[in-house]
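Between the sequences and the hints, there should be enough to build the whole structure, so can you do that?
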Amino acid sequence: MSNTDYVLAVEDLTVSFDGFKAIDNLTLYVDRGELRVIIGPNGAGKTTLLDLICGRTKASGGSIKFKNEEMTDLAEHAIVRAGIGRKFQTPSIYENLSVWKNLEVSFPRGRGVFGALAFRCTDDVKDRIQEVATEIGLAGQLELEAGLLSHGQKQWLEIGMLLMQDPELLMLDEPIAGMSVRERELTAELLGRICQNRSMIVIEHDMDFVKRIAHKVTVMHQGKILAEGAMEKVQADPRVIDVYLGH
Amino acid sequence: MTKLRHWLGTSDLAGIALLALLVFVVMPLSTDIFRLNLIGKYLTYAFVAVGLVMLWGYGGILSLGQGVFFGLGGYCMAMFLKLEASDPISTKIQSTPGIPDFMDWNQITALPTWWEPFRHLPFAILALLVIPTLLAFIVGFAMFKRRVGGVYFAIITQAVALILTVLIIGQQGYTGGVNGMTDLKTMLGWDIRTDSARYILYFVNAILLFAAIFACRAIQKSKLGTLMLAMRDKEDRVRFSGYDVANFKVFVFCLAAMLCGIGGAMFSLQVGFMSPSFVGIVPSIEMVIFAAVGGRMSLVGAVFGTLLVNFGKTYFSESFPQLWLFLMAALFIGVVMAFPNGLAGLFEDYVKPWLLRTRAKQPDVPPAEPVVEETTRSVASRTGDSVEPLPAPTAGRLGPAVA
Chain L
153 MSNTDYVLAV EDLTVSFDGF KAIDNLTLYV DRGELRVIIG PNGAGKTTLL
203 DLICGRTKAS GGSIKFKNEE MTDLAEHAIV RAGIGRKFQT PSIYENLSVW
253 KNLEVSFPRG RGVFGALAFR CTDDVKDRIQ EVATEIGLAG QLELEAGLLS
303 HGQKQWLEIG MLLMQDPELL MLDEPIAGMS VRERELTAEL LGRICQNRSM
353 IVIEHDMDFV KRIAHKVTVM HQGKILAEGA MEKVQADPRV IDVYLGH
Chain Z
14 MTKLRHWLGT SDLAGIALLA LLVFVVMPLS TDIFRLNLIG KYLTYAFVAV
64 GLVMLWGYGG ILSLGQGVFF GLGGYCMAMF LKLEASDPIS TKIQSTPGIP
114 DFMDWNQITA LPTWWEPFRH LPFAILALLV IPTLLAFIVG FAMFKRRVGG
164 VYFAIITQAV ALILTVLIIG QQGYTGGVNG MTDLKTMLGW DIRTDSARYI
214 LYFVNAILLF AAIFACRAIQ KSKLGTLMLA MRDKEDRVRF SGYDVANFKV
264 FVFCLAAMLC GIGGAMFSLQ VGFMSPSFVG IVPSIEMVIF AAVGGRMSLV
314 GAVFGTLLVN FGKTYFSESF PQLWLFLMAA LFIGVVMAFP NGLAGLFEDY
364 VKPWLLRTRA KQPDVPPAEP VVEETTRSVA SRTGDSVEPL PAPTAGRLGP
414 AVA
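Residue numbers (our numbering), protein chains in the order written: chain L, 153 to 399; chain Z, 14 to 416.
Since the hints were made in silico from the structure, they are not lab data. By construction, the Cβ of each residue, glycine as well, lies at the ideal position given by its N, Cα and C atoms. Hints should not be assumed to be uniformly reliable.
Stated by the list, open to error - Straight-line alpha carbon distances no greater than 20 Å define the calculated SDA-like cross-link-like pairs of lysine to any residue that follow: (1) K210(L) x E248(Z); (2) K210(L) x R132(Z); (3) K210(L) x Q120(Z); (4) K158(Z) x R263(L); (5) K247(Z) x L300(L).
To be verified - On the chain L side, residues computed to face chain Z include the following (Cβ under 8 Å): (6) R238; (7) Y246; (8) E247; (9) K253; (10) S258; (11) P260; (12) M313; (13) Q317; (14) G381.
Right, dumping it as C-alpha cells:
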C-alpha cells in the first residue's frame with residue numbers, strides 16, 4: 153500500500169465471521185483534524201469497523217494504516233499506545249472507583265507492571281486531571297464514585313478518560329445514546345472543542361446531531377461504503393434515502 | 014502516626030493493630046508452646062490467604078491450586094533441613110549413609126545431583142522464593158496471554174495441584190512420597206524442635222506475615238492496585254487504555270505464589286515436616302475458604318479468617334471428626350451466599366456504622382457532615398483507599414472511636 157498524508161488509511165479491509173462478510177472490501181481515509189461521522193442501518197458493520205481499527209477483532213484481509221504504520225498485527229494495547237483511543241457504545245468506566253481515580257488510571261504513564269508500581273500522582277498528572285475534568289464538566293464530581301454519575305456524565309467521563317491519553321485519533325461509538333436534549337448540546341460542544349488538534353471518528357444515529365458536528369459523513373451498508381461526503385450531499389443521495397434515511 | 018493512619022486508612026489501622034496485639038502479645042502470653050506452635054502453623058497458611066486477597070479479591074482471579082506454591086516453598090526448605098538431618102553419622106545404619114532415609118529405603122545409593130545445591134541455606138531460601146514464582150509465571154503467562162480466565166483458570170490450577178501431588182507421591186525415592194519429608198531436626202546446627210526455637214520461629218513467622226501484609230497494602234495503594242480493581246470491573250476498558258492486562262495478572266499470580274512459598278517454608282520449619290497433603294486440591298480449596306471467610310478484599314480479614322477456620326477445624330475435628338468436612342462445606346457456601354465479603358465485610362457494614370453512631374451521640378463531635386462526604390466514604394471503603402485530593406477527613410473522624 154502506498155504511503156499517504158491521511159492519519160488513518162483503511163484499504164481493502166475485509167472480515168468474515170463464518171463466511172458472513174461483516175466488512176467487505178472497505179476503503180476509508182480520514183484526514184488530520186477531521187471529524188468523520190459514520191452512519192448506517194443496524195448491522196451495517198459500523199461498530200465492527202471500530203473493533204477492527206482498535207484491534208479488538210482481527211481482520212481477514214486488507215490493511216489499516218495509522219500515520220502510515222500498519223496496525224493490523226499489533227496488540228490492542230500497542231494500538232492505543234500508538235495514539236488511537238476508543239470509546240465503547242455502553243459507558244465503560246470503573247464504577248467502583250472515584251471520578252478522579254478513573255481519570256488518574258487513564259493517564260498514559262506507568263503502563264507496565266513495575267511502572268504502575270512506581271507511579272506517583274505528581275503535579276503534572278493532577279493538573280491534567282483537573283484540566284480534563286473541567287473540559288468534560290465533571291470538575292465538581294471528582295470525589296464521587298463513578299457508578300453514581302448520571303448516564304450522560306458516564307459517557308463524558310469515558311470521553312475524559314480517553315482525553316487523558318491525548319490520542320491523535322479518537323473513535324466514539326454512539327456518544328449521545330440515552331442523553332437528554334441539553335446533554336446532547338453539551339456533548340456537541342465538547343466534541344467541537346476536542347477535535348481541534350486531533351482526528352475523530354464518531355458513530356451516531358441522531359441526524360440533527362450528525363449535521364451539527366460532522367465535517368464529512370460516511371454511510372455504511374452491509375459492510376460496504378454506500379456514500380461519502382458532506383452531509384447535504386449524502387442526505388440527497390437516493391441510495392442513502394432508500395436504505396437508511398427513509399422517504 | 015497520623016501519617017501512618019492516613020496511609021493505611023483507619024479501619025485498616027485498627028484491624029492491623031488488633032491483629033498485632035493478638036499475634037504478638039495475647040497469644041504468646043495466654044497459650045503454652047504446644048498451642049502457640051499450632052497457631053504458628055495456622056499463620057503460615059495466612060500467607061496463602063493474604064496472597065489470595067491480592068489474587069482473588071483484588072485481581073478477580075480465583076486459583077484453586079495455591080497449595081502447589083505452598084508445597085514447593087515448603088519442600089525447598091524441607092530439602093535443606095532433611096539434608097542437614099541426614100549427615101553420615103546419624104544415618105550410619107543405612108546401607109548408604111549420608112543420604113535422606115527415604116532415598117535409602119528406595120534403593121537409591123547416591124544423592125541426586127539436583128538435590129546437591131540444597132545443602133546450602135542461601136540456595137534453599139532463594140529456591141523457595143524463586144521456584145513457586147517461576148512456576149506461577151509459566152502457568153500464568155501461558156493462560157493469561159491466551160485470555161484464559163474465570164472457571165477455566167480455576168480448573169487449570171486444580172489440574173496443576175493434582176499433577177504435582179501425583180508427581181511427588183510417584184517419585185518417592187526423590188521426594189519422600191506420600192509420607193513427605195519427616196524428621197527435620199536442625200537448621201545450621203540450631204535445633205528447631207526446642208521450645209525456645211519454636212518461640213523464635215513463631216515470632217519470625219509473625220514478623221514476616223506483617224511484612225507481607227504491609228507490602229501488599231503498598232501494592233494496593235499504588236496505581237497497580239487501582240488497575241487491578243479497574244480490571245476486575247471493566248477489563249476491556251483497561252486494555253483499551255493502553256495496558257497489557259495479561260502482564261498485570263501474571264504479576265499478581267506470581268506475587269501470590271511467592272507469598273505461598275514463604276508460608277510453606279515457615280510451615281516446614283515450625284511443624285518439622287512437609288508432605289503432599291499440603292499440596293493437593295483439598296488443601297488448596299481449604300485455603301480459599303480461609304480467605305473467603307475472612308473477607309477476600311481485606312488483608313487483615315484474611316488472617317483472622319485463617320485463624321478462625323483453623324481453630325474451628327481443630328475443635329470440631331477433635332469433637333466430631335466425621336462432621337468436619339460437612340461443616341467446612343456449609344461454612345463456605347454460607348459465607349459466599351450470605352456474606353460475600355466475609356468477616357471484614359461484616360465489620361465494614363455493621364460494626365463500623367455502629368461505632369460511628371455511638372460516637373455521634375457524644376457531645377464533643379462536630380455536626381454531621383455533608384452528603385458528599387458520605388459518598389466519598391463509600392468509595393473509599395470499597396476501594397480500600399482514601400481518595401487522593403481530600404486530606405482524608407474520614408480518617409480523622411473515625412480515629413478516636415476505634416483507637
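- Can you name, in rising order, the numbers of the hints this structure does not satisfy? 2, 3 and 14
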